[in-house]
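There are 2 protein chains.
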Amino acid sequence: MENPLNLIKNEISKIEETLQSLRVSQHPFINKVSEYVLFAGGKRVRPLLCVLSAKALNPDLKNSLYETSLLFEYLHVATLLHDDVVDSAEFRRGRKAARNLWGNQATILVGDYLYAKALKIASSLQNPSIMEEITQTTLLMSEGEVLQLLHLDDTEISEEAYYEVIYRKTAVLISCSCKVGALLSGVEDKKAEELANFGYNLGMAFQVIDDLLDYVSAETGKDLGKDFSEGKVTLPIIFALNLAPAQEKKELLRLLKSKDIEAKDFKRAYEIIEKNRGFELTFQKARSFIDTAKDYLQFLPPSPYKEALLYISDYLLTRKK
Amino acid sequence: MENPLNLIKNEISKIEETLQSLRVSQHPFINKVSEYVLFAGGKRVRPLLCVLSAKALNPDLKNSLYETSLLFEYLHVATLLHDDVVDSAEFRRGRKAARNLWGNQATILVGDYLYAKALKIASSLQNPSIMEEITQTTLLMSEGEVLQLLHLDDTEISEEAYYEVIYRKTAVLISCSCKVGALLSGVEDKKAEELANFGYNLGMAFQVIDDLLDYVSAETGKDLGKDFSEGKVTLPIIFALNLAPAQEKKELLRLLKSKDIEAKDFKRAYEIIEKNRGFELTFQKARSFIDTAKDYLQFLPPSPYKEALLYISDYLLTRKK
Numbered sequence: 001m002e003n004p005l006n007l008i009k010n011e012i013s014k015i016e017e018t019l020q021s022l023r024v025s026q027h028p029f030i031n032k033v034s035e036y037v038l039f040a041g042g043k044r045v046r047p048l049l050c051v052l053s054a055k056a057l058n059p060d061l062k063n064s065l066y067e068t069s070l071l072f073e074y075l076h077v078a079t080l081l082h083d084d085v086v087d088s089a090e091f092r093r094g095r096k097a098a099r100n101l102w103g104n105q106a107t108i109l110v111g112d113y114l115y116a117k118a119l120k121i122a123s124s125l126q127n128p129s130i131m132e133e134i135t136q137t138t139l140l141m142s143e144g145e146v147l148q149l150l151h152l153d154d155t156e157i158s159e160e161a162y163y164e165v166i167y168r169k170t171a172v173l174i175s176c177s178c179k180v181g182a183l184l185s186g187v188e189d190k191k192a193e194e195l196a197n198f199g200y201n202l203g204m205a206f207q208v209i210d211d212l213l214d215y216v217s218a219e220t221g222k223d224l225g226k227d228f229s230e231g232k233v234t235l236p237i238i239f240a241l242n243l244a245p246a247q248e249k250k251e252l253l254r255l256l257k258s259k260d261i262e263a264k265d266f267k268r269a270y271e272i273i274e275k276n277r278g279f280e281l282t283f284q285k286a287r288s289f290i291d292t293a294k295d296y297l298q299f300l301p302p303s304p305y306k307e308a309l310l311y312i313s314d315y316l317l318t319r320k321k
Numbered sequence: 001m002e003n004p005l006n007l008i009k010n011e012i013s014k015i016e017e018t019l020q021s022l023r024v025s026q027h028p029f030i031n032k033v034s035e036y037v038l039f040a041g042g043k044r045v046r047p048l049l050c051v052l053s054a055k056a057l058n059p060d061l062k063n064s065l066y067e068t069s070l071l072f073e074y075l076h077v078a079t080l081l082h083d084d085v086v087d088s089a090e091f092r093r094g095r096k097a098a099r100n101l102w103g104n105q106a107t108i109l110v111g112d113y114l115y116a117k118a119l120k121i122a123s124s125l126q127n128p129s130i131m132e133e134i135t136q137t138t139l140l141m142s143e144g145e146v147l148q149l150l151h152l153d154d155t156e157i158s159e160e161a162y163y164e165v166i167y168r169k170t171a172v173l174i175s176c177s178c179k180v181g182a183l184l185s186g187v188e189d190k191k192a193e194e195l196a197n198f199g200y201n202l203g204m205a206f207q208v209i210d211d212l213l214d215y216v217s218a219e220t221g222k223d224l225g226k227d228f229s230e231g232k233v234t235l236p237i238i239f240a241l242n243l244a245p246a247q248e249k250k251e252l253l254r255l256l257k258s259k260d261i262e263a264k265d266f267k268r269a270y271e272i273i274e275k276n277r278g279f280e281l282t283f284q285k286a287r288s289f290i291d292t293a294k295d296y297l298q299f300l301p302p303s304p305y306k307e308a309l310l311y312i313s314d315y316l317l318t319r320k321k
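Quick note, the sequences are listed as chains C and L, same order. When you line the first sequence up against the UniProt record's numbering, it's residues 1 to 321, in that order. When you line the second sequence up against the UniProt record's numbering, it's residues 1 to 321, in that order.
No lab work stands behind these hints: they were computed from the structure. It cannot be assumed that every hint is accurate.
Copies of the same chain look alike in the list, so a pair counts if it works inside one copy or between any two.
[To be verified] With a straight-line cut-off of 25 Å between C-alpha atoms, the simulated DMTMM-like cross-links for lysine to aspartate or glutamate are:
{"hint": "1", "residue 1": "LYS32", "residue 2": "ASP154"}
{"hint": "2", "residue 1": "LYS43", "residue 2": "ASP87"}
{"hint": "3", "residue 1": "LYS96", "residue 2": "GLU188"}
{"hint": "4", "residue 1": "LYS120", "residue 2": "GLU164"}
{"hint": "5", "residue 1": "LYS9", "residue 2": "GLU230"}
{"hint": "6", "residue 1": "LYS285", "residue 2": "ASP210"}
{"hint": "7", "residue 1": "LYS32", "residue 2": "GLU164"}
{"hint": "8", "residue 1": "LYS285", "residue 2": "GLU193"}
It should be emphasised that the depicted structure is a prediction, and the values quoted were computed from it without experimental measurement.
Throw the hints in and build the complete structure from the sequences for me.
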């Protein structure tokens, strides 16, 4: 059986080639702005999951699977462009944010364009179930963006509210990518739903780990955690606040809310979170999402594509950045 | 036969009632921002044309026609919200722009939400032809928005380039509203295409007249033309520049490009445009679009709905604001 990592690399190459060969628009400016963000080191997680889900159910699938899978990358990038404007971001993936090069106006409008492009690709499939899935997803995502804006500084956020935020921010699109892949393979809705559940749990784990890494990869002391310095409440904080004695809870909240934190403040916050099992419990939660995700794949017949999906699931728990 | 104006008022009331009775979201904040713009005196042109087009082909149509027609209002309002951010608009329809009350961030995101909502309504129809029509329309619109941003100060704009701009800005959505109405009535694609062509020409006339009124309703001397003071090149300018002698052409361009124009400058520009038949030829062009629009309705059987569509067409040429 093919090594899952090789298979994954191979599928990513095909996605990458398709992305390179297709222009999003006939207009050079739209392409320039889009390609700046599309080729900024994205890992193609969503198209990849779409392709693997489809092939795990129907390995011989012969249609425009790769072209279709790109719609999830376009959707994702559209949200990144709008997020950067909303957050007044200076950087994205270590480079200047698009809005820093072409301004907020063009960034908003190219985001709108990529969103429209994604929906156009979806509608060309002429498959009402797929279309409903995708429009429901974008509705949940855009509603989530507004809710996140409103709860910007809410340190009272509960574990449940956090899951709701990351569901809309990350998991719903990943779940949709898997489900649409399944629907493209031609299986009945019930089987597609299993893939949707896999994607949901995988997506939740993905974001939980992302939020954990924001602390752990900053541990060296060179960096401050980005989320923490922005006062963002994520799962490590929520768990630590639940367990911390009153004094430490107060201190952690004070550090979280202070404007210009220094390395020593972040170090202290890190200590408090670690002592109160914030990181440990967060990692456990991620593992539990991954376990559930993998359970939903059990019904799949053995195949290298199934192995690849399992490999990705395990990989999430070991990644360091 | 029912008086067309009464029929139109009656249909608008039904659209208005439906709009009032449906919430766009479960979240009060999203509703507040959306409703601020949705209930700001919009004339419901797009839902109205959708409803009338459907009923002109099938007067007994019994489905969720009014609910469906709202998707065109949501799409329209979504573009207004993003336009206001892109243009840094202070006002919209005589009131503070939404971005002035809730900020650019919320305005961008609620715009995204309304767009997603519109597409969700469309997908719930489970009609691939309708979905393709709508996604193609939003793609053309969003591409047009980018192109307009790039040509912001282009005084060399040709008549053809102007038509392309107003097609994407206005006519394509109006055409889509009519065509989708036709498709909802259940007719074959060829008949729906006639309604699409009607809508295209009506939409073109609508925007041409809008651009004309920006001058003519400012004639009293109290106001400066908004487009002119922003240096925007519309059809009256294009026609006048074509016919004006070199000296007047130069003067008109100088006035158009100057930063802080006064009432007397606008008056002088108005004179030059009028003398060189800019307004007259613009109005003729609008009439020609309307004549073509009405031709496309000839195949319709006689009905009060057909009469209402003809009435709206004629009304466009006589409206004063």
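Determine which of the earlier numbered hints do not hold for this structure and return their numbers in increasing order. 3, 5
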